[in-house]
Amino acid sequence: MSRPGQRGITLIEVSIVMALATMVVMGLLAFYLNSQNTWTDGSSQAMAQRDGTLLVGAITDSVRFAHSAEVQDSPDSLHQTLILRRPDGDEFWRFWWNAGDSLVHQGPGVGQDRGPVVASRVVRFQLDTLTRLVEIRLVELRAGDGQVVRTSSAAALYNRPATP
Amino acid sequence: MSARTEPPRPPSPPRGERGVGLMEVMVATIIAVIAIIALAYSFGTGRGLVNRYELARMALAAAQRRMEMLEAAPAGSPDLAVPSQHGPQAVLVDGRAVCQESWRVDVFHDPANAVNPAHVDLRKVTVTVTWGGGTAAETTRLTRLFAAR
Chain A
1 MSRPGQRGIT LIEVSIVMAL ATMVVMGLLA FYLNSQNTWT DGSSQAMAQR DGTLLVGAIT
61 DSVRFAHSAE VQDSPDSLHQ TLILRRPDGD EFWRFWWNAG DSLVHQGPGV GQDRGPVVAS
121 RVVRFQLDTL TRLVEIRLVE LRAGDGQVVR TSSAAALYNR PATP
Chain R
1 MSARTEPPRP PSPPRGERGV GLMEVMVATI IAVIAIIALA YSFGTGRGLV NRYELARMAL
61 AAAQRRMEML EAAPAGSPDL AVPSQHGPQA VLVDGRAVCQ ESWRVDVFHD PANAVNPAHV
121 DLRKVTVTVT WGGGTAAETT RLTRLFAAR
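Protein chains in written order, with this note's numbering: chain A, 1 to 164; chain R, 1 to 149.
Simulated from the structure, these hints should not be mistaken for laboratory data.
Yeah, the Cβ is synthetic: ideal placement off N, Cα and C, and Gly gets one too.
Computed list of chain A residues with no C-beta within reach of chain R, every gap over 12 Å:
1. 71
2. 73
3. 76
4. 83
5. 100
6. 102
7. 112
8. 116
9. 119
10. 146
Just so you have them, the derived chain A footprint on chain R, three or more residues with Cβ under 8 Å:
11. 34–46
12. 52–60
Take these sequences, add in the hints, and give me the full structure.
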């Protein structure tokens, strides 16, 4: 025979407590997963933005050494190759989109791949050349979460004399 | 008059086995909820900052592009006339206007050359890029000195 202080708990009480605890745990789990997704998306997008800036910076640094530049479609007009030349016309550096890994690679010439400039996949790599200018019309990178980051800029050919 | 007999009180548990009171549970729950809401707010704010700096990076790239275009412009270009103000005009990225740019060209006198104050020693170019609208408008500025040529 049980005394009042030692009654224990009934099945109904256990059921209610378990239902409430399940709801709380489910809420916390949903919050955790949602927060994790938000964090991952934000991080991957920030990395893609940083890679876009780094890629434009690398191209700008090389263009400033060049006397002339040439842009070729490779393999199509959405993905192009930038060839940079010295005053004597010799090529000294190039940037191109590699269809195998969707990354922009760089190197001193054809068949001399020094590896990708940045780790983010590039969807579009479009450039243009003017008299003393290389216009980076559009660099479109895809972040890890699938979102697209766009940037554009231009770089002057400092090694080419200015026209009067 | 008969004496009332009260039912025997259940023995109070020893101090180490008292359990947790309702108030303690409620206070702990409220503190946990406040902490979770603050955490959620910080995640949302961080995501907003990532989006905000995407535009800031595009604006800085646009300012650098304009500066390089002016650097590559011929000496007699009206874009570099002294003094002059140009823009604002929309900056397009992939056909979409993302910000507004303007630039100003001013005379800059070299402090080391005080012989002829009327002579243009250098040109000071300030490119201003603005994005966002209303109270959320933000601005970035780049300044560079160009040779008078």
